[in-house]
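2 protein chains.
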Amino acid sequence: MDIAALRSANPDHWNKATAIRALTLDAVAAANSGHSGMPMGMADVATVLFEKHLKFDAANPDWPDRDRFILSAGHGSMLLYSLLHLTGYQDMTLEQIRNFRQWGAITAGHPEYGHAKGIETTTGPLGQGISNSVGFAMAEEMLRARFGRKLVDHYTYVIAGDGCLMEGVSQEAIGLAGRHSLGKLIVFWDNNNITIDGKVDLADRTDQVKRFRASGWQVLEIDGHDPAAIDEAITAAKKSRKPTMIACATHIALGHAAQDTSKGHGALTDAGQLAAAKEAYGWPYGPFEVPAEVKSAWEAIGSRGAEDRKAWETRLSEASERRQKDFARIFARDVPKNLSARIKALKKQIAEEQPKVATRKSSEMVLEVVNPIMPETVGGSADLSGSNNTQTGDMTVFDVDNRKGRYVHWGIREHGMAAAMNGMALHGGIRPYGGTFMCFTDYARPSMRLAALMRIPTVFVMTHDSIGLGEDGPTHQPVEHLAISRATPNTCVFRPCDTVETAEAWEIALRSTETPSVLSLTRQGVATLRTEHRNKNLTEQGAYVLADAEGKRQAILMATGSEVEIAMKARDLLQAEGIGTRVVSMPCMELFADQDEAYRKRILPAGPVRVAVEAAVRQGWDRWLCGERGREAKAGFVGMDSFGASAPAGTLYEKFGITAEAVADKVKSLL
Amino acid sequence: MDIAALRSANPDHWNKATAIRALTLDAVAAANSGHSGMPMGMADVATVLFEKHLKFDAANPDWPDRDRFILSAGHGSMLLYSLLHLTGYQDMTLEQIRNFRQWGAITAGHPEYGHAKGIETTTGPLGQGISNSVGFAMAEEMLRARFGRKLVDHYTYVIAGDGCLMEGVSQEAIGLAGRHSLGKLIVFWDNNNITIDGKVDLADRTDQVKRFRASGWQVLEIDGHDPAAIDEAITAAKKSRKPTMIACATHIALGHAAQDTSKGHGALTDAGQLAAAKEAYGWPYGPFEVPAEVKSAWEAIGSRGAEDRKAWETRLSEASERRQKDFARIFARDVPKNLSARIKALKKQIAEEQPKVATRKSSEMVLEVVNPIMPETVGGSADLSGSNNTQTGDMTVFDVDNRKGRYVHWGIREHGMAAAMNGMALHGGIRPYGGTFMCFTDYARPSMRLAALMRIPTVFVMTHDSIGLGEDGPTHQPVEHLAISRATPNTCVFRPCDTVETAEAWEIALRSTETPSVLSLTRQGVATLRTEHRNKNLTEQGAYVLADAEGKRQAILMATGSEVEIAMKARDLLQAEGIGTRVVSMPCMELFADQDEAYRKRILPAGPVRVAVEAAVRQGWDRWLCGERGREAKAGFVGMDSFGASAPAGTLYEKFGITAEAVADKVKSLL
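Line order of the protein sequences matches chains Z and D.
Position 641 (the first sequence) corresponds to 641 in full-length UniProt numbering; numbering is contiguous.
Position 223 (the second sequence) corresponds to 223 in full-length UniProt numbering; numbering is contiguous.
Check the hints yourself; a few may be wrong.
Copies of the same chain look alike in the list, so a pair counts if it works inside one copy or between any two.
To be verified - Keeping only pairs whose Cα atoms sit at most 25 Å apart, straight-line, the calculated DSS-like set for lysine-lysine is:
1) Lys55 to Lys310
2) Lys295 to Lys634
3) Lys199 to Lys404
4) Lys348 to Lys536
5) Lys199 to Lys242
6) Lys361 to Lys263
7) Lys634 to Lys601
8) Lys668 to Lys601
9) Lys210 to Lys242
None of these hints come from the bench; they were simulated from the model.
Required output: the full structure, derived from the provided sequences and hints.
Right, here's the structure in full:
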């Protein structure tokens with residue numbers, strides 16, 4: 001690469017882009033870890049994007065109608081941090097850049113959502129950003145349809161690397177974006193032909209241009225170091241009705257001795273080589289030094305959008321008061337005032353009618369109450385709409401000619417669905433929920449973890465939550481998936497026992513602003529157990545006494561979901577033998593763990609034998625069986641210790657010994 | 001669709017194919033659940049494949065050089081069961097077909113590997129079979145290169161549906177197969193344009209033909225109900241150096257009232273409609289009845305390969321005795337006789353030299369000993385070769401012009417890697433292991449679960465196994481992933497504390513014939529703690545006393561991996577204060593759980609305070625902290641209860657309070 005030619009062709013551009021390269025080199029060298037090469041290779045694309053196209057106002061980074069910029073290749077975090085610092089985002093100080101990858105700094109190894117303004121999503125696990133972006137772009141379409149282009153009209157820009165495109169989830173994202181003609185989604189592919197192990201060719205020879213076109217994208221191919229070509233391509237992309245992929249031929253670690261090699265992917269820290277690269281750049285400045293004229297040119301870019309932002313604010317202020325309130329409410333993730341009353345009314349009705357239905361059906365009953373009063377909900381399913389019960393009567397299907405549709409047919413793409421739902425939640429103004437079978441938590445895992453890490457309230461509707469799904473057999477029967485979600489920090493796992501608890505769980509999930517929820521729901525019908533109406537949301541405390549012991553309390557049964565009914569029947573058997581038995585319903589372990597010790601002890605007093613019942617593995621239960629510091633009770637578990645099998649649900653419960661009789665026997669063996 | 005025309009065009013073919021359709025309709029109706037439509041749509045393709053091309057011998061289904069047939073669209077299990085029954089696989093009796101989806105039957109809802117011969121892999125979770133098939137085809141290439149085409153020369157055939165192709169993992173598989181020119185891999189795409197929610201177009205408009213071509217596949221397009229076209233396409237596919245995708249235009253639920261609708265995807269049970277379909281088929285037989293001439297035609301197909309098989313056996317018997325033994329050993333999953341001695345020698349050397357290395361490096365040291373004596377091992381990494389330490393000096397890279405290469409650059413495809421490794425293990429003759437970061441267990445999960453369910457010994461080398469990976473931050477730091485793998489039935493999770501335990505863990509993983517292993521390995525250096533050589537493999541018992549208490553035993557510390565060193569230092573602190581402290585190293589909880597109660601009690605006697613130390617979430621530890629039936633000890637845990645952070649590893653251990661001092665303090669607070 002002829003660096004001198006690049007420098008002289010457009011010195012203004014060169015200096016701006018090189019400020020990114022130099023900051024990157026300095027920060028990675030100071031941290032002695034990180035990824036230098038990607039920011040060095042993509043600095044030109046990013047500079048043109050920010051300078052000429054990206055609609056943003058560094059002084060007001062939360063402006064809802066800003067364009068979104070997503071660094072899917074998250075290891076190149078210094079590209080983003082440099083841009084935020086240079087354009088004048090207040091919290092991205094030079095001190096933060098100096099502390100790249102250090103404890104307490106907002107400049108983490110990979111961009112962490114919530115650490116700094118301008119980080120639109122957490123990236124690093126490859127393929128996630130590009131898949132989030134589909135949700136961002138869908139959210140924009142939906143909100144534009146609802147509020148009009150005066151209030152919502154922005155682009156979603158993504159930088160993706162070879163790693164992002166090799167991860168399977170990217171295919172799910174590409175297919176969705178193509179299917180839905182998400183024309184305001186623009187992806188830059190950092191086509192540098194290098195991965196950690198070597199040339200891309202070591203592992204892949206896919207023609208990415210043809211691949212994207214096969215899914216209905218516009219593809220443009222450019223030299224990623226040519227500012228005019230970059231500008232032209234973005235201009236063309238913005239006009240397209242199709243999503244656009246701009247294949248940017250770039251040189252990783254441009255101008256460094258490691259240019260175009262896999263060494264250039266990682267941390268370039270050799271002082272002599274750094275000096276040589278800066279020499280080639282014509283950058284005679286000290287570490288972390290950006291000359292004033294370059295910094296002020298960047299700051300001008302950072303404030304370029306201020307006028308647009310003010311004009312937008314004026315337009316918002318001209319909207320009806322109701323519209324303004326609506327807009328503010330949904331972006332604040334507030335629920336409507338009448339939600340609580342509606343949920344209570346449903347609970348009361350259920351307590352009276354006492355239907356015997358599957359909790360997936362209960363969930364639909366709740367959504368039929370919720371969706372009409374929360375136009376920000378967007379439902380969907382990974383091709384199991386009829387099984388997940390996620391579409392309500394008022395929801396039409398999102399499509400190219402129905403952008404107001406609030407129901408998404410995600411296709412057989414659990415992972416892409418979860419990632420796109422995260423994108424919707426991050427965009428703001430949308431409360432996404434989506435369904436699949438509980439067992440396919442496995443496919444969606446990488447994005448479910450990121451929802452928890454990012455502290456966003458995505459709702460995962462996971463039906464067919466045990467061997468109770470029956471004949472489909474062990475590939476479709478979750479046994480470890482409750483434990484998996486419960487092991488994940490900042491995740492609420494709800495396994496309601498009936499329609500009342502399902503309504504309570506939904507209310508909590510919708511009120512949540514920072515925690516994703518997993519709703520674990522049955523395929524099979526269960527009795528209504530909460531037959532006495534209480535206004536109070538008992539699920540909020542995670543566990544509560546559903547039926548107390550008569551006579552001396554000798555045993556406590558704990559259960560969730562479909563097994564609460566079994567625990568109640570076991571209680572009948574035990575009480576008939578004079579064994580006083582309490583049943584604790586525990587729809588959410590995490591919320592129970594959050595209660596104060598006094599409450600936890602009141603629900604689970606020391607002394608009585610404890611038996612937990614759940615058609616899943618034991619892991620996660622010992623905490624409640626044994627007491628948090630040990631030594632509280634004799635304890636037992638009735639559940640699964642293997643994979644399931646293919647047979648009718650009733651047979652499976654019998655054969656795997658998850659029955660009221662087995663529970664009663666377990667109690668008696670411990671007494 | 002003109003059924004009459006199909007019938008009259010080729011009555012022999014029609015009757016054979018219709019036997020599949022009729023058995024499917026009857027079995028699904030009897031079970032009142034299942035998927036009728038796919039077998040009805042793909043019966044013609046399957047009939048031609050089995051009749052004219054598939055190399056198999058129903059009487060000797062384990063013949064190693066048979067062609068492999070993989071039903072990636074596993075919900076269409078009755079297609080496979082019908083074929084196995086009709087061609088005369090001994091265990092697939094009519095009784096089994098009648099008991100479709102019932103307890104104890106080998107005819108589970110989805111094909112379960114191990115239930116019956118001829119089921120080459122467990123499918124149902126979509127995208128898995130097609131991704132396994134890449135491993136099957138690679139294994140065939142590798143073994144053909146090693147043993148010659150006289151002993152190894154077969155095809156891998158796959159039936160995949162729209163669901164398989166929408167799952168992202170299929171893109172990873174397609175990319176790999178194209179990159180490696182796996183010409184003996186032939187995929188039939190059941191192009192019926194229907195998914196559960198409706199037409200495919202609801203969720204996807206990808207041009208699959210172009211998509212496959214973009215990744216280097218040959219694509220043929222045919223009418224999937226035209227036997228001549230099917231035959232021609234397979235013949236052409238077999239000659240290709242590229243993998244071939246045959247796009248088969250089919251009608252789901254052919255000839256039934258639900259044909260070409262999403263209703264046709266599921267269980268067709270209406271008696272009148274069944275009768276009408278059979279009427280249209282010209283199939284005047286009772287339920288489960290196959291006329292003798294049709295059955296015998298199918299049985300002739302089933303024995304068509306007997307001659308080939310015998311010829312192959314002759315060729316094998318003509319090979320050198322050593323070659324025959326080798327071949328038998330690797331297909332029996334036996335380790336070589338000298339493995340144990342080599343491992344012992346390494347352990348002895350390590351106990352003397354006491355290196356301070358990361359356990360990922362320890363793993364490489366073990367593999368340098370193992371790989372030269374086990375030519376059946378195949379290593380690889382998802383683009384982290386230098387970090388996972390999975391390539392040894394004797395391993396060259398598998399490539400189109402080096403089929404003897406035993407190292408695979410899987411690319412940034414953790415899921416595809418795991419699925420393909422499963423395929424290799426299922427094919428036989430290969431012991432696959434592959435690496436990524438522990439955190440990306442998330443991406444590989446669906447296939448890791450299937451390895452456990454199928455009882456195959458795939459080895460997952462998961463490095464950078466805690467906050468100890470440092471600056472990359474929380475997206476790359478596993479905290480819940482040990483719990484996730486431990487929650488999964490039939491999975492051994494090893495977290496060795498030093499090189500000696502790493503060698504022991506590898507020995508167990510390699511000796512395993514039915515259980516996958518997860519090796520959880522550090523990025524950071526750890527001291528050698530097993531400084532006294534023991535021939536015995538102590539890891540085999542899951543947990544053992546690494547250092548016993550001096551004086552009265554007041555505390556037991558349990559730890560794994562990098563935290564054993566911390567526990568040992570805490571023991572020093574406590575002993576210095578006169579508190580007798582035992583340290584239990586617990587490299588594998590599952591193996592410890594398998595020991596008899598006497599051993600478990602000897603290691604963890606009731607009485608002393610117990611504290612566990614692991615830089616991960618607590619879930620999974622309570623069982624050992626509290627005793628399996630409760631009431632054994634006061635207990636505490638030192639580990640993580642949140643996601644990690646970006647900073648140097650040492651800082652993170654300090655800040656998250658995982659230190660010897662914290663452990664000692666925890667013990668004292670409990671005493």
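Q. If you check each hint against the structure, which ones fail?
A. Hint 2 is the one this structure does not satisfy, whereas the remaining hints hold.
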